[in-house]
Every structure is written in C-alpha cells, then in structure tokens.
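Asker: Sequence:
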Amino acid sequence: MSIEPKKSMIVVTSGLILLLFSLMFIMMNNSSQDYTIQYEDNDTSKFWDHLRYVLNINQNTDDDLINEKEKEPSKYDLLHGDVIMSELGDPVVRAELGRATWHLLHSITSRFPEEPTEEESDALTQFIFLTARLYPCGDCAKHFQRMLEKIPYSTKDRKGASKWICDIHNGANKFLKKEIFDCEKLPERWPCYKCEESNNSTRRFTENLKLENL
Numbered sequence: 001m002s003i004e005p006k007k008s009m010i011v012v013t014s015g016l017i018l019l020l021f022s023l024m025f026i027m028m029n030n031s032s033q034d035y036t037i038q039y040e041d042n043d044t045s046k047f048w049d050h051l052r053y054v055l056n057i058n059q060n061t062d063d064d065l066i067n068e069k070e071k072e073p074s075k076y077d078l079l080h081g082d083v084i085m086s087e088l089g090d091p092v093v094r095a096e097l098g099r100a101t102w103h104l105l106h107s108i109t110s111r112f113p114e115e116p117t118e119e120e121s122d123a124l125t126q127f128i129f130l131t132a133r134l135y136p137c138g139d140c141a142k143h144f145q146r147m148l149e150k151i152p153y154s155t156k157d158r159k160g161a162s163k164w165i166c167d168i169h170n171g172a173n174k175f176l177k178k179e180i181f182d183c184e185k186l187p188e189r190w191p192c193y194k195c196e197e198s199n200n201s202t203r204r205f206t207e208n209l210k211l212e213n214l
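Going by UniProt numbering, 109 is the number at position 109 of the sequence shown; the sequence numbering is gapless.
Keep in mind that the hints were calculated from the coordinates and are not lab data.
Positions of the beta carbon are idealized from the N, C-alpha and C atoms, including for glycine.
Derived DEER-like restraints, expressed as beta-carbon distance ranges: (1) I180 to S107: 12 to 22 Å; (2) D77 to P191: 31 to 41 Å; (3) E119 to P91: 36 to 46 Å; (4) E149 to K178: 19 to 29 Å; (5) F175 to L79: 19 to 29 Å; (6) P187 to D82: 32 to 42 Å.
Work out the full structure: start from the sequences and follow the hints.
Answerer: Below, the structure is given as structure tokens:
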C-alpha cells in the first residue's frame, strides 16, 4: 500500500521537472526579445519576472490585431476622405485661387516624365487626390472630388497625366459655363520647359541646386 503513493510522487515530481525544463527552454529561445524588466537583486525574482514576461509575449488575439488595423487610416481613406476646408465666399479670391491651381497642375503634368517610375506615377496620383481634399475652397473641393470619381485617369506617362488634368479642368469649365479648352493644344499653352533635360536619367540633378543657395 505504501508503494503506490511513492510512485505517484515520482510521477508528479517528474512532470514538474519536465515542465521546468520546458519553461527554461522557452525562456532561452526568447532571450533575444527586446524588453525592460526591473529586476530585484535575488535570482528567484529574476526567474519569475522572466517567466511572467515569456508567458505574456505575443498574446495579442485576432480581435486585438483587427482593432489596431482599424485605428490606422488606410491609403484609400487618406486619398478619398472628406474635404478638409470650409467654403470660400469671396468670388475674387476663388477665381485667383482657381487660376493659380490650374496653372500649377498643368505645369506639373507638362514636365512629368514620359516614362515615370511606379513610385513617381503613384506620387502624382496621390498629389492630385490630396489636392482635392486640401483645396482651400471647400465647395470647390467637393466638385473636384466628384470629377475625380467620374473621369478616368492615368499617370503612367506625361501625355496621359496632362490629358487627365485637362479633362478635370474642362469639367470645371463646363460647370462654370466657361469655354472648353482644346486638350490637343496643351503643349502650346503649357510648354515643357527644359524637357530635353527631364528625359534623361539625370533629370533630377541637371540644375545642380544646392540648399545653401535657395
């Protein structure tokens, strides 16, 4: 009768030893993790602090990960979100702002690379969509966004980008009952200044600009 309790004790002890070795193995594998723990002076405290850390790392549930992603604005939300500015009532300021903006957009696309990289193409697309969100005239910005939704666009080359902005400009002209501009005449109205330089691989450095000279 006295043998059975001894066997049980041996089994329990063996199990505890295996558990202890398993925990030590886990801690060794995770020793490279970056964490900060305020240890006490004795080794026992170090062991239990380390054990608590090991048992708690990487315990984020799927719901936690989903919630974190929901907190971060997506690229789509950033580009297609609501307009930011309020309405601009002064008609003179609205007109001046419109002329300056169209001149800027046409000038950008007239000098855009004929064969842009994927990153350059994406940069122009984001710039145009963010311009629509940030345009200082709120009601104008809403109309700008509606045109972006309806008008097909391409930023894969200079011609496509220039045509895109021209179509948007004509959309505004039609809305304001102004004369429609002939997009075939874009190179005449907004010529590509120094395009011979922008067509080679060193186009970004042809002017040799230095920050201290700006």
